[in-house]
Amino acid sequence: MQTAWGWPIAIYLFLGGLGAGALLIAAAFEFSGKRYQYDFCPTALVGATVPGPLLILGTLLLIFDLGAGRREPWRILYMYTHFSSVMTWGVWLLTLFIPVALIYGFLEILDAFPATRQWLKSRRWLRWTAFLWNLPLRQTKRIFAGVGAVLAIGVATYTGILISAVGPAIPFWSTWVLPFIPIPMLPVLFLVSAISTGLGLTVDLAATLALGSVEQRLKSLPWIHLALIGAETLLLGMMLITALMAGGSAAKSAQEIIAGSYAIVFWFLIVLPGFIFPFVVHAYAIGLGRHSPVSGVGSGMGIVISGLFLRYLILISGIPAAL
Amino acid sequence: MPATISRRRFLGLTAAAGVVAALGLPLLRKEASSAEERPKARYALIIDTTKCTGCGACIEACRQRNKLPEGLSYIRRIVKGNERNPWFLMVQCQHCANPPCATVCPTHATYRREDGVVLIDPRLCVGCKYCMQACPYQARIFDEKRGVADKCWLCLPWVLGGGLPACVEACIPGARIFGRADDPQSEVAQLIASGRAKPLHPEFGTEPSILFYIIQEE
Ligand code: SF4
Ligand code: SF4
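Sequence lines, in order, name chains X and P.
Here my numbering = 1-based position in the first sequence + 341.
Here my numbering = 1-based position in the second sequence + 9.
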């Protein structure tokens, strides 16, 4: 197994996906008009405010994992300069995404809690913010939500491209979608997983905790979850099968995941909490016609935890090509 | 008021200078390396695994010449074959013509010279380890003290001065043959031309350009 990258990078990949996914859900609520159906929308609030801080945390972890770049931080500027490197794309994406997400979150807070406007207006040292009150708040917010959503798709996909770009060095990471489709699976898988962890955080968790129940907000939620879980199962299954068929160290990685030294992580920290449990909960909710708060919080937490361990598992199970 | 403005301008200028330095340093380095000489040499280092006894003298010589800490070397020994008939594959940077380590490096720290030698500029390296992941020969190590990636540099200063890489000097059975592939009379050129010496794992697609191997028939 590879040893160069460990937990800090795994958590960074996870936070990147979670933040991007949460912002995508908030933007979907914004543009579909769902955000405005009720007085208070915890999904849009969490989905807009959380991604900025999450990505800042992720970036700090990334910097913490650097060698010379941590001790001499100005070297980080060099990372903006080499455009053939997927890491350079990532540095640019983070640099653009974080401020856009922070502004979107700020505007969402202003929109959700009008009292914050009063507060801002009443502070003399914040008088320079007066220009804000002339802006059309919702239109401005929509611009940032839209730009943020585009960047979010970039961030979520890039986390997969970053590690699949090492190609033949660690064959498992660049496993194709199918044996005859030469597109790496990880960017697709990480994008879908990002959306599903984002949904788990902003709807299952946030809306349940804030309102006690979610179904009044998103009736189709169980169906969306079932579709996402189905898609992830399919993608992950295809990736493992393609890796097994590819042979070599890719197959060895897949074997370790399914029935080897990483099997416990895979079955009990990824498949059980992130696939089976939420599937049962949401299928049950469809049958029953409603969600219980416990199952909402449970499935949200399960999906988020499973997303974290998915990144970790993919990362540590990478086995360098045999020489 | 003027004080604030000038401080602002000062900060602005400092930031601008920082950005210029950050963008400029990689370019400057490129300038410097092409100015020092335009090398036409094409070096080749052939490892004859039929002669290699796996003694590890090259590993130790490399460690000493490059002042690497105990246990670290630019050369790795892989045991091949079976219990009864083992043989040894000594792996170091293959100096690829299409080096993925340089493609993925976010900073221009890893680059390829015109003579094919792939180098790391430790002043530019941030220590992200992306190159270590991308090298299919696992030829890179990490210098924990300086926080930068490190690897075989073909003992370039010695070679440019007419000397030999430490591993070649140290090899007792003469399993390492070093020379100039651009001289058709040289032993290395003939071994490569005859097809006896071949790149290792060409299927990786990185086009090793300096290291070649004579592989034991199994
Ligand atoms: S062997 Fe590895 S480190 Fe050396 S040039 Fe090729 S990819 Fe880069
Ligand atoms: S560790 Fe250094 S040489 Fe390697 S990719 Fe990162 S910046 Fe480039």
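Quick caveat, the hints were computed from the structure, so don't treat them as lab data.
Because the structure is a prediction, the values reported are computed rather than measured.
Where a beta carbon is used, it is the ideal one built from N, C-alpha and C, also for glycine.
Where hints are given, some of them may not hold.
[Said to hold, decoys possible] Pair by pair, the computed Cβ-Cβ distance ranges are:
(1) L81/P to G571/X: 44 to 52 Å
(2) L77/P to W469/X: 54 to 62 Å
(3) K154/P to W469/X: 41 to 49 Å
[To be verified] According to the in silico footprint, chain X covers these stretches of chain P (three or more CB under 8 Å from chain X):
(4) 100-112
(5) 120-130
(6) 165-177
| request: If any of the earlier hints don't hold here, list their numbers in rising order. | output: As far as the earlier hints go, 5 and 6 are violated by this structure, in ascending order.
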